[in-house]
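Student: Chains as they are written, first to last, in the numbering used here: chain B, 1 to 551; chain Z, 1001 to 1551.
Hints were generated in silico from the structure; no laboratory data involved.
Computed from a prediction, not measured in an experiment: that's the story for all the values here.
Backbone N, C-alpha and C fix where the C-beta goes; we use that ideal spot for every residue, glycine too.
Fair warning: there could be bad hints in the mix.
According to the in silico footprint, chain B covers these stretches of chain Z (three or more CB under 8 Å from chain B) [stated by the list, open to error]: (1) 1296-1303; (2) 1323-1329; (3) 1490-1496.
Protein chains: 2
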Amino acid sequence: MTKIIIIGGVSGGMSAAARLRRLMEEAQIIVFDKGPYVSFANCGLPFHVSGEIAERSDLLVQTPETLNKRFALDIRTETEVLAIDPSKKEVTAVNQGKIYKESYDKLILSPGAKPFIPKIPGLAEAENVFTLRSIPDLDRIMEKLQHTAGGKAAVVGAGFIGLEMAENLTKKGMDVTLIEKANHILPPFDEEMAALAEEELHRQGITVYTNQAVQLFKDKGKTLILEDGRQLKSDLTILAVGVQPESELAQAAGLQLGERSGIIVNENYQTSNPDIYAVGDAILVKQELTKKDSLISLAGPANRQGRQVADIIAGLPRKNKGSLGTAIVRIFDKTATSTGLNEGLARRYFPHTAVLHIAGKDHAGYYPDAADLNLKLIFDSRTGAIYGAQAVGEKGVDKRIDVLATAIKAKLTVFDLPELEFSYAPPFGSAKDPVHIAGYAASNIIEGQSTPIQWYDLDKALAGGEILLDVRTKEEFKQGHITGSCNLPLNDLRSQMASLDKSKDYIVSCHSGQRSYIAERILKQNGFRVHNLDGAYSLYRRVKPEKISTH
Amino acid sequence: MTKIIIIGGVSGGMSAAARLRRLMEEAQIIVFDKGPYVSFANCGLPFHVSGEIAERSDLLVQTPETLNKRFALDIRTETEVLAIDPSKKEVTAVNQGKIYKESYDKLILSPGAKPFIPKIPGLAEAENVFTLRSIPDLDRIMEKLQHTAGGKAAVVGAGFIGLEMAENLTKKGMDVTLIEKANHILPPFDEEMAALAEEELHRQGITVYTNQAVQLFKDKGKTLILEDGRQLKSDLTILAVGVQPESELAQAAGLQLGERSGIIVNENYQTSNPDIYAVGDAILVKQELTKKDSLISLAGPANRQGRQVADIIAGLPRKNKGSLGTAIVRIFDKTATSTGLNEGLARRYFPHTAVLHIAGKDHAGYYPDAADLNLKLIFDSRTGAIYGAQAVGEKGVDKRIDVLATAIKAKLTVFDLPELEFSYAPPFGSAKDPVHIAGYAASNIIEGQSTPIQWYDLDKALAGGEILLDVRTKEEFKQGHITGSCNLPLNDLRSQMASLDKSKDYIVSCHSGQRSYIAERILKQNGFRVHNLDGAYSLYRRVKPEKISTH
Chain B
1 MTKIIIIGGV SGGMSAAARL RRLMEEAQII VFDKGPYVSF ANCGLPFHVS
51 GEIAERSDLL VQTPETLNKR FALDIRTETE VLAIDPSKKE VTAVNQGKIY
101 KESYDKLILS PGAKPFIPKI PGLAEAENVF TLRSIPDLDR IMEKLQHTAG
151 GKAAVVGAGF IGLEMAENLT KKGMDVTLIE KANHILPPFD EEMAALAEEE
201 LHRQGITVYT NQAVQLFKDK GKTLILEDGR QLKSDLTILA VGVQPESELA
251 QAAGLQLGER SGIIVNENYQ TSNPDIYAVG DAILVKQELT KKDSLISLAG
301 PANRQGRQVA DIIAGLPRKN KGSLGTAIVR IFDKTATSTG LNEGLARRYF
351 PHTAVLHIAG KDHAGYYPDA ADLNLKLIFD SRTGAIYGAQ AVGEKGVDKR
401 IDVLATAIKA KLTVFDLPEL EFSYAPPFGS AKDPVHIAGY AASNIIEGQS
451 TPIQWYDLDK ALAGGEILLD VRTKEEFKQG HITGSCNLPL NDLRSQMASL
501 DKSKDYIVSC HSGQRSYIAE RILKQNGFRV HNLDGAYSLY RRVKPEKIST
551 H
Chain Z
1001 MTKIIIIGGV SGGMSAAARL RRLMEEAQII VFDKGPYVSF ANCGLPFHVS
1051 GEIAERSDLL VQTPETLNKR FALDIRTETE VLAIDPSKKE VTAVNQGKIY
1101 KESYDKLILS PGAKPFIPKI PGLAEAENVF TLRSIPDLDR IMEKLQHTAG
1151 GKAAVVGAGF IGLEMAENLT KKGMDVTLIE KANHILPPFD EEMAALAEEE
1201 LHRQGITVYT NQAVQLFKDK GKTLILEDGR QLKSDLTILA VGVQPESELA
1251 QAAGLQLGER SGIIVNENYQ TSNPDIYAVG DAILVKQELT KKDSLISLAG
1301 PANRQGRQVA DIIAGLPRKN KGSLGTAIVR IFDKTATSTG LNEGLARRYF
1351 PHTAVLHIAG KDHAGYYPDA ADLNLKLIFD SRTGAIYGAQ AVGEKGVDKR
1401 IDVLATAIKA KLTVFDLPEL EFSYAPPFGS AKDPVHIAGY AASNIIEGQS
1451 TPIQWYDLDK ALAGGEILLD VRTKEEFKQG HITGSCNLPL NDLRSQMASL
1501 DKSKDYIVSC HSGQRSYIAE RILKQNGFRV HNLDGAYSLY RRVKPEKIST
1551 H
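This is chain B alone, in the form it adopts within the complex:
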């Protein structure tokens, strides 16, 4: 009878345990978890803070008892594994002070990742600074909130968990300040897409400091001193500056670690010891596009890896193919989501990276409640290979990114996107979906019909003498335009073309890029040299508000 020990009873570990039982009815399966709960809804924790997930018990998806009844699993909670002895194939565990050893035939590590704790003076003395990883962490935060209702909260780190906490603390009635070290929120996103998401934080009354960090906690944590000297009061502070692999146990056992202490595994999820497997947030995976070792802390891949390692142990043909990295965060009424590489990463690995921005609607504009949707596509300007995508909007952004994640996985190119057939009726989409339009726009760039210029290159181009032609109507132009642009409405372009100078280089812009593209085509076919300001005015004004004039 095979004896399998699993360390860590959340997503990856518990997926492995349940699948192992379904494949190996006779195996002895022991799951150790140092916490009091297994298989809890870790992605749901922030939503209990506001009461959106009302009942704490809703987060406890399974209990050791239910899992034992159904899967005959020997689940040992509040039991920490202190050491692994690979030569003897045994682990040393402790439960309530009692230390014992347990042997294994196969060992699966699913320890997860733990919050990174920055070294900040005063942090050790702070009494109101929390991280959020487990139910006990949540309990501590909820307890604190009982005494600080309506008070001030600070969230350090504007990644996914930081934003979810900022939202839920706001909904709980706290006055929230968000502090991010990078120059924009949502560091995995590109700056201009993050700017679209940040708007929603401002709209909801959250104070956002970017390019900032806490340099000191004072008054047992009730005062935060930022790097610029600013002082903040906080009744409750959440540290959410990222996670790191919980790999000390693996390291002590002599298993090979890689970048940022991630556990190295092979295609079969085997660590450097072939009887010890590892899955989940603690392992290094190949990023599918770059093929580089990466730490990708996401629930979906962790669950998949857990099931796959069970299959492999049971002798089924599975392979660790790496991860793409698709993530999403709801920010009040908006949602930001991404898949694959962002522009910065793509440019580092792929020299012919190009990008484009689409402003669309989640469904047909003539059907009620159509909402704006901004989509960015990152692709190869020669082959059309898709490297990544990001979307921000109220509705339907998850659908578009899921489709694009599928397209990337399947190695479709931008030329394939218009061929995709989506479920279209007016409440659900458009006959030309934003994903189709992204494919068409990318094809236009690759085939030379359109030559975009990005928002970050505009200043230099204008300084070099290019002329920025805004083809919106006179009324739109008057309400706000990019400083230095001149106005020639699209519908007058053909009749007034004689007023333009063919010796100049032109940049065309409009509201969202549709009219400027038509203008670009008209001008190019008439022999002008033209660039199209990608994303146009509606994107530019949001990432460069200081460059907008109304006179």
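Use these hints to put chain Z onto chain B, whose structure you have.
Tutor: Same frame as chain B, but now just chain Z:
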């Protein structure tokens, strides 16, 4: 200067016109349309009936004037093309009684499809029977509704347009009866999935007659006699029994037609005359999976074809790759959507077709307002090739079908589905998405871990002596179970296995299939012969309600 004539100014035709202008600024482009409007929102028409799309003007997306200003198009509405002379390369058109000829270099036909009118006695005399294709059709229906508010309506045909009309007439306050000739609503769907959708019609008070047709209209259409002799009163009747290609003009011009009078085109959208192209609902396309000629009347493909034919005429490398056929219909609070082949079609073309049903949620069950979602996957039991999918639910079904449509297009197999990385946070999905679970379940079938039996094979299996074991709890069983089943709760299965007889064949069932699959694994590993009732009780009771007992 190239002179291009386009016949038909809605989706395909107008997409072609706009793209042609962007690529051929110098071309002369004339668009003929026999109706008063071009580029109107034809998919939105039913939603104006209830007032959900409040303003008629919202349906008029573009006008000839706006299109002329922006694209320099010569748009001639209320102008019918009477004849095409391919040898002279000219068309004969009529506008307000004035007949004239216009020559062309290239001609694009985008005539669309028209409602099929069945031959029913009394129909010619009926004054209250309508079809819905155009704005004037809609105007006639709206006019009639002014005099029949709160009256009785009949909708003949329960396809997409029939269902949309049934919903919108109900919302307008009419008492609606739906009549469908097939044995279930939504003929493109399989019977059990259509049954899930039909529930919502009943819940909303619509009377549904399937296996029925109108055999006679009496009293100028105010009385309908059905085939079984039943009489219905109707103040307003909608005929929505399908569409047929508007291909008479093409036929008269000697162009080659195929199945059901669809216009035959090649990979370049050329008809049998190389200077005459055709796109949209009137052409035959290759169904992508079967490679058979098909009529696929959908807005998405029509728009794509219009753009592609413009590219081809302008010399860009495009190819008519055929269509998959993805469609969706909202039915009040539910949505039904499908892509690719249904089970019946797949079985006709692919001998190793298998199917499975997943009952899931649109997002994590512990996050508020998770809604049921039923997903059917149709695939090859040897290779894992995906042939089609159908989904019915309140939310999120469009997303899953769009992903699966992308997967089919990319020739992914069921083994690839678990590898897809979706944007997951609790409000948007689950770490194990229904699409992942469908992939896992299909893999289990292909690799022999699970052996499903379908709802339509259950009777025969039970008659042949197989034993139906319901592994739900005693309480669930008491509330309703499949007649002839016996109850052995999953959590007691291991301890009570001795009560089972290894010489018998067992079929396991539960509520949605998750527990029965675990039971199947336990039993199989203990040497039993077992089938798993696919979709389990929750599917079976809805398609076979007469086979459910409560005692």
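Student: Each hint needs a verdict: does it hold in this structure or not?
Tutor: Cross-check of the supplied hints:
no.	hint	result
1	1296-1303	holds (count 6)
2	1323-1329	holds (count 7)
3	1490-1496	holds (count 3)
Taken one by one, the earlier hints all hold for this structure without exception.
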